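Chemist: Following the hints, position chain B against chain A.
2 protein chains.
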Amino acid sequence: MNLDREQTPSGQFFFTKLAEDGAARRGRIDMPRGSIRTPAFMPVGTAGTVKAMYLDQVRDLGADIILGNTYHLMLRPGAERVARLGGLHDFARWPYPILTDSGGFQVMSLSGLRKITEEGVTFQSHVDGTKHFMSPERSIEIQGLLDSDIQMQLDECIALPAEEKEIGRAMELSLRWAERCKAAFGDQPGKAMFGIIQGGDNARLRIESAEALAALDLKGYAIGGLAVGEPQNVMFDMIETVIPSMPKDRPRYLMGVGTPDDILGSVQRGVDMFDCVMPTRAGRHGLAFTRHGKINLKNARHAEDDRPLDEESDCAAARDYSRAYLHHLVRAGEPLAGMLLTWNNLAYYQQLMAGIRAAISEARLQEHAEKVRAAWAKGDLPPRS
Amino acid sequence: MNLDREQTPSGQFFFTKLAEDGAARRGRIDMPRGSIRTPAFMPVGTAGTVKAMYLDQVRDLGADIILGNTYHLMLRPGAERVARLGGLHDFARWPYPILTDSGGFQVMSLSGLRKITEEGVTFQSHVDGTKHFMSPERSIEIQGLLDSDIQMQLDECIALPAEEKEIGRAMELSLRWAERCKAAFGDQPGKAMFGIIQGGDNARLRIESAEALAALDLKGYAIGGLAVGEPQNVMFDMIETVIPSMPKDRPRYLMGVGTPDDILGSVQRGVDMFDCVMPTRAGRHGLAFTRHGKINLKNARHAEDDRPLDEESDCAAARDYSRAYLHHLVRAGEPLAGMLLTWNNLAYYQQLMAGIRAAISEARLQEHAEKVRAAWAKGDLPPRS
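Line order of the protein sequences matches chains A and B. Going by full-length UniProt numbering, the letters in the first sequence line up with residues 1 to 385, in that order. Going by full-length UniProt numbering, the letters in the second sequence line up with residues 1 to 385, in that order.
Be careful, since some hints might not be right.
Treat identical chains as interchangeable: a pair holds within one or across any two.
The calculated PhoX-like cross-link candidates involving lysine-lysine, where the alpha carbons are at most 25 Å apart (straight line), are [to be verified]:
#	residue 1	residue 2
1	115	182
2	51	298
3	298	131
4	371	294
5	115	165
6	115	131
7	378	298
8	182	248
9	378	294
10	248	17
If you are wondering where the hints come from, they were derived from the structure by calculation, not from laboratory data. All of these numbers come straight from a predicted model, not from anything done at the bench.
Chain A on its own, in the form it takes in the complex (with noise of 0.2 Å):
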C-alpha cells in the first residue's frame, strides 16, 4: 500500500491527479522532502509533536505529511529559535513534508484582547500574557523560518453565524492579505504557499472569494471556515458550492475537518487535503474509532471484555490489548491510554484515507464508501455474552 509514496524528488512542488470517480480525485503531490497521497489526512502536531505518539509511529502508520501550528511554535518555542535549531523537521524529527497553518484561527480561538486591523491583528500570548503582532508578511517569515513545505495565508475567519455584511467584511480582508502573503512568499519552487477560500455560509460570497483566489494561480487552495459548529449538511453545501470554482489542477484542502463520515463525504465532494485534532484529542479522552463506528472506552460494558478494539486491525493498539484493559487504563487516567488510543485513532484514520485511495484508483468509491458507511451504522460488537 506504500508503494506510491516514496518518489524521487523533483525538486518542485508538483500536484499530479492520477484517477478521478465522481467528484473524487486520487492524486498525489510531490515536493523536495517526499510525495503526498491524496486524499490525505494530516495528523496535526501542534507544538512539534503529535501529541502521545513518536513520531517514528506516525509515520509508519502512512501519514506523509503532518500539521504543525503556527500559533503555537511561534510564542513556544518561538520561531526564530526553531530556525537557530535547524527548523522545525530537525527539531521535531521529522524529515518529511510539514504543512503550518498561518497561526490566524488560533490567534482568534486561543489569544486573549486581540485586535484587527487592515494591517494585521494584535494579540497577547495565552501562554505568558505577552503582546504580538502579526500581519501577513510576518506569518508567511514565521512559516518559513519553521521551514514549512507547505505554508497558509493569514485569514480571518469569523463565528458563524455573522450577518452577510460582516462575512464579507473578513472574506475581504483574506483576499487582501492572500495576495500580501503571496508577495511575501515569492519563488519557491519546492514549497507552496495555499491561499483560503472564506465567505462563511454564504455562496456568493464563497464563490467570489475562491474566484479572485484562483486568479492569484496559488499552488493550493483551502476552504476555511467551516466545521466550526454548523451542520454537516452546511458544510456539505459549502463544498458543492465552492467546488467548481476552485482550479481542477490543484490539491484542495478543507481544513480542521474532520470525522470520519465527514472526510468521506469530502472527498467525495471533490477534497483532496484534511487535518483534524479528532484521532489525537479523542484519544487522548477514552474515543477509539473504529471501522464499527466510535467507541467510548470509559464505558462499563468493556470492564471485563478481553476482546481487542479490532481483531483485523494491523495496528497493535486495535488489534493487541483488549477492551478491559484499555478501559482500565483509561479510568486510571494512565498515560498509556492515551497512546494507545491516539495510536489507534491515527491508524483508523491513515486505513480510511488507503481505502479511499484504493477505492478511487479503482472507480468504486460510491460502493466503498457504502460499505463503510454500513459498517459504522452497524455500530460496535455486540456485548461479550
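Modeler: Just chain B now, with coordinates in the frame of chain A:
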C-alpha cells in the same frame, strides 16, 4: 548482553549465584515465566502499566521483571476481575515474571482512615472511599488472583523516627504476619513468597527480624522500611547490619530503592533486587538520569542545545532527540516529554544494572563503581558555547 537471559524454565523457582565480588553477587533467578538476571532493577508498573511506556519497550530495555502494586490493582480494576481476565500477565501483556508488593505499604501511605489490628488492616480506598479489609491471607489471595510470580508478605512499615518500642511492635507483628502469609501461600514450586525484614533504624530489631525470617526458610528476603526519608548512610548502615543475618543462597531485595547511587552502594553491600518509581516519576517531571548524573530539562540552559542527552547511549530517547526539543516538550507539558524521559531513565537504570552485573562477573565492581561515580560527580556536559 542479553545472552544469559533466556533459560529453559525448570518449572521451579531457583536462585543461582554466578559470581561474587566482595559482598556483591551476580546471580540468576529462574522461574517458569523467565529468568531474572541479578542484580536486577524492576520497573514499577503500579496499575498494570509502566507509566508512559509500552511494555514492549520496557522489555527491550532489558527488564526481566516488573513490579505491580497490589493496593492499586485490588482497588482498580480489582483482583477478581484481573483473575477473570486471565491474570495480570495477560491483562497487561507482560508474559515475563511479575513481583507484587503486599499492598501494605500503600495502605499506610495512600489510603484514608486505616486501622491496624492483629488480624489485619481496615482502610478506605483513595479512589472511591470504599472500605476494605486486608489480612495477610487476603493479601496472598489477591497476589494469587493477579497470578504474581514473586509475592510479598503483608508487613507493617512505620514512619521514622519512631520509638524503639513502636518499631519493635510493628516488626513483631510483621513476623507473625510472615508466618500467616507463608501458610496461606503454601507450596507453589514455580512461584515465591518473600519475607520482609523490618526494624526501622534499630540494629538489634533488624537482626532479630532477619534471623526469625531466615528460620521460616522462605525463597527470598526483602529489606523493607528503608528509603523512607533517612540519610543514605543510615540506609547503608542498616543494610550492612542486616545482610550477615540473611541467607546467602536466597535473593535479597531492597524495597523502593532508589537513586542510581543508592543502588550501586547497595549492590556493593550484597543486595540483588531493587524497585523504585524514581526513573518513571522523574521522567514525567522533566528529569533525566544519565551517566553524567541527573539533568533537569526544564532548565533554560537546554533551550538551544542541539546535543542529545547522551550521544553514546543505545537508547533512541537519549541519543536521537536534542536537549532543546526535550526542553520544549517539558515546558509545553507535552505527553512526549514524559514518554521520552521515562524511556531514557529506564534505559539508563537497565544500563547501570548491566554494567554492574558485568563488573561483578569480572571481579572489578569496586573499580567500576569508582568510574561510574566519578562520571556522575563530573556532572553534565558544559553548556554549548
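Chemist: When the hints from earlier in the document are held up against this structure, which numbers fail?
Modeler: none
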